[in-house]
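Converting from the first sequence to the working numbering requires adding 37 to each position, the first position being numbered 1.
Hints were generated in silico from the structure; no laboratory data involved. Every value quoted in this text rests on a predicted model; they were computed, and no experiment measured them. Take the hints with a grain of salt, since some may be wrong.
[Said to hold, decoys possible] Simulated restraints on C-beta separations:
1) L282 / A248: 33 to 41 Å
2) A297 / D69: 35 to 43 Å
3) R49 / D102: 45 to 53 Å
We treat Cβ as the ideally placed atom computed from N, Cα and C, and that holds for glycine.
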Amino acid sequence: MPELPEVETVRRGLAPVLAGGRIVRVEQRRGDLRFPFPPDFAARLAGRRILDLRRRAKYLLADLDGSETLVMHLGMSGSFRIDGDVQGFFHHPRDKSAAHDHVVFHMESGARVTYNDPRRFGFMLLVPTKELNAHKLFKGLGVEPLGEALDSAFLARAFKGRAAPAKALLLDQRLIAGLGNIYVCEALHRCGISPLKAGGKLVTVAGKPSAALARLPEAIKKVLEEALAAGGSSLRDHRQADGSLGYFQHSFRVYDREGAACPTPGCKGTVARVAQSGRSTFFCPECQK
DNA sequence: ACACTATCCTGCAGGC
DNA sequence: TGCCTGCAGGATAGTG
38 MPELPEVETV RRGLAPVLAG GRIVRVEQRR GDLRFPFPPD FAARLAGRRI LDLRRRAKYL
98 LADLDGSETL VMHLGMSGSF RIDGDVQGFF HHPRDKSAAH DHVVFHMESG ARVTYNDPRR
158 FGFMLLVPTK ELNAHKLFKG LGVEPLGEAL DSAFLARAFK GRAAPAKALL LDQRLIAGLG
218 NIYVCEALHR CGISPLKAGG KLVTVAGKPS AALARLPEAI KKVLEEALAA GGSSLRDHRQ
278 ADGSLGYFQH SFRVYDREGA ACPTPGCKGT VARVAQSGRS TFFCPECQK
């Protein structure tokens with residue numbers, strides 16, 4: 038569920054409560070999410086200060102005193118909620134099943150931060166901070182899509198010789214880390230590239246990026262930045278940490294809009310939906326070639 | 001190496 | 001109303 042804009046929105050919402058704060062107690066209400074929790078997980082967190090709350094790809098990283106980092110992934114349905122006696126945050130009613138409240142962080146400030154995850158595809162683990170980059174989850178991760186490393190030359194190298202469709206390549210976290218189904222569909226529509234097109238065919242023989250590929254990095258960055266400004270997209274689960282909804286879903290041009298008129302100016306096409314590797318792809322066959 | 005699938009889990013929408 | 005099927009923002013292990 039949460040792609041980069043949603044995870045970053047969560048990070049920004051949690052940072053005022055977590056970063057610099059001390060964890061006094063952690064309630065861990067089950068033994069596993071996607072994976073088992075680390076041994077003595079709750080006990081190892083108790084009493085520790087969170088030095089910084091960062092994001093890499095779709096991971097939230099809480100650097101703790103004692104040189105360990107709490108790594109958190111929201112999977113498809115994970116979310117955090119802040120409540121308790123916190124100045125600056127309203128107390129919003131529980132609108133999700135408490136049965137899926139799996140972890141509660143009790144902060145010294147009085148804030149409670151609750152992790153809810155119905156599908157339990159999310160996970161948490163503890164990694165020594167200096168070993169993070171070498172950790173198996175992180176060492177193969179691709180570039181941050183909002184960083185300078187993502188440009189047309191990078192994409193030309195990444196796509197060269199690849200038979201896989203553009204959609205699959207953009208979803209591959211080993212190339213670009215942070216995109217998911219929604220923003221890949223939206224970015225490809227914005228630059229007029231068909232999600233079905235083989236990656237290699239978007240690169241010219243001379244090795245220079247094609248015009249279409251040259252537009253792709255900007256399309257990716259723009260859609261992510263617009264989504265960030267909107268607090269992410271709220272379809273089913275995503276909420277900002279203060280409980281408010283993201284609203285970028287109202288700005289989708291193709292995602293979940295099968296049958297709608299293509300919003301590209303002058304285009305007479307209709308948004309289509311196809312399955313690619315078992316997942317829905319939305320695109321306009323008229324203006325995405 | 002690469003491409004594709006099945007799979008983890010729950011909730012919800014749509015069809016009958 | 002209820003039962004059934006399929007689908008959902010992710011990522012990996014396993015297959016050919």
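Comparing the hints with the structure gives:
1. L282 / A248: 33 to 41 Å: holds (37 Å)
2. A297 / D69: 35 to 43 Å: holds (41 Å)
3. R49 / D102: 45 to 53 Å: violated (22 Å)
The structure fails hint 3 only (numbered hints given earlier).
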